[in-house]
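Could you build the full structure based on these sequences and the hints that come with them?
There are 2 protein chains.
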Amino acid sequence: MAKIGVILSGCGVYDGSEIHEAVITLLALDRAGAEVVIMAPDMEQAVVNHLTGEPVEGAVRNVLEESARIARGKISDIAKIQAGDLDALFIPGGFGAAKNLCDFAFKGPDCSVHPEVARLIRDIVAAHKPLAAVCIAPALVAKVLGEDKPGHELTIGTDEGTAGALASMGATHITCPVNEFVIDKQNKIITSPAYMLAGSISEAAEGIEKSVQALMELLD
Amino acid sequence: MAKIGVILSGCGVYDGSEIHEAVITLLALDRAGAEVVIMAPDMEQAVVNHLTGEPVEGAVRNVLEESARIARGKISDIAKIQAGDLDALFIPGGFGAAKNLCDFAFKGPDCSVHPEVARLIRDIVAAHKPLAAVCIAPALVAKVLGEDKPGHELTIGTDEGTAGALASMGATHITCPVNEFVIDKQNKIITSPAYMLAGSISEAAEGIEKSVQALMELLD
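First to last, the sequence lines map onto chains A and B.
The first sequence: position 28 = 28 (this note's numbering), numbered continuously.
The second sequence: position 42 = 42 (this note's numbering), numbered continuously.
Treat the hints as calculated values from the structure; they're not laboratory data.
Any given hint could turn out to be false.
The list treats identical chains as one, so a pair stands whether inside a single copy or across any two.
[Unchecked claim] Only pairs whose alpha carbons sit at most 20 Å apart, straight line, appear in this in silico EDC-like list of lysine to aspartate or glutamate:
no., residue 1, residue 2
1, Lys80, Glu209
2, Lys74, Glu203
3, Lys80, Glu217
4, Lys74, Asp148
5, Lys3, Glu57
6, Lys74, Glu54
7, Lys188, Glu209
8, Lys185, Asp103
Encoded structure:
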């Protein structure tokens with residue numbers, strides 16, 4: 001049974017993992033017969049009121065505890081997970097991927113990546129194990145791999161500004177419709193736009209389900 | 001395009017809506033061609049740390065704001081939604097259905113139901129519009145309909161204690177496996193055990209997807 005790591009970044013599109021993307025990923029992996037290893041960094045995060053879209057001044061939550069909501073409590077601190085524990089890795093999107101797992105949402109191409117997240121992504125790719133990232137999460141991958149794997153191919157959909165930022169971090173951006181994915185066969189990296197482009201949950205699901213299928217096919 | 005109301009109760013299995021059940025419901029309804037009207041009560045809720053399973057003493061969140069995480073911000077206060085606005089209603093489970101929408105988790109058959117939730121359930125059933133409830137949410141339906149519709153048929157799976165509580169509120173409990181649902185054709189009520197029995201997200205999804213399909217087939 002293949003063990004697929006899933007990195008969460010909180011619980012909610014504006015300050016954590018995009019919930020639909022995370023659940024669709026977990027369901028698709030379970031239906032594909034994979035064993036899922038859900039993880040998140042043990043760190044503080046800012047809070048956005050999802051009813052108003054406004055920041056909640058002074059409010060702080062813990063990324064691991066909030067991610068545990070999506071995982072129904074079955075989650076590990078990413079610091080305790082090694083690439084050798086996994087056969088592949090999947091990173092759903094949501095602003096948490098760009099605010100918590102790294103600070104791309106604030107600093108763009110000059111962002112820093114959480115050290116444990118950077119370590120696991122780097123080790124998975126170095127071990128030639130498949131990695132999938134959807135929505136804004138490819139920005140994180142571009143930052144981690146930019147120096148080691150220049151020209152690795154990714155998509156975040158069609159947004160030119162974000163695509164330019166990815167290119168400036170060392171990636172080659174490929175435009176991709178919401179219901180498809182981009183595969184970098186050399187580096188075994190799969191990416192799909194999901195809610196960077198999706199107008200409905202079904203649209204997000206189609207690209208994510210195809211990405212999971214492609215990930216499973218890349219397993220040794 | 002059928003308008004299907006979805007009542008959420010927060011965001012997380014231990015103090016709100018069960019996130020997998022809610023997202024699977026939204027995806028299945030979207031794929032069935034329905035327009036979804038997501039709603040929740042504007043009220044305070046207690047907080048459970050989903051990493052430890054322990055209550056967070058003194059912590060309070062707002063059910064409508066937390067539910068907005070699952071809805072990506074597109075959510076209404078249930079007080080503003082009338083049965084005439086909808087063609088059917090769907091209630092996912094999670095402890096929020098038994099702690100926030102009503103207090104069945106604390107008081108069992110002597111529970112009280114949030115007045116706006118009770119109003120909408122009662123009006124939907126009175127209008128002969130279909131109602132689906134999964135996991136623990138049927139307890140809520142049993143309490144609301146117990147007096148008006150004695151003997152209405154529901155399932156929460158196989159748990160004898162909970163089944164007995166439903167019966168004492170006026171429902172007739174039907175034992176049901178996780179991948180199936182129970183239909184009360186007279187009252188147009190559909191129920192499925194979901195995470196009352198599910199050992200995996202795929203198991204929960206099968207019963208919920210069948211329930212959504214059955215709900216759509218009951219529409220006029």
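(Q) I'd like to know which numbered hints this structure contradicts. Please list them from smallest to largest. (A) The structure breaks hints 1, 3, 4, 5 and 8; every other hint is satisfied.
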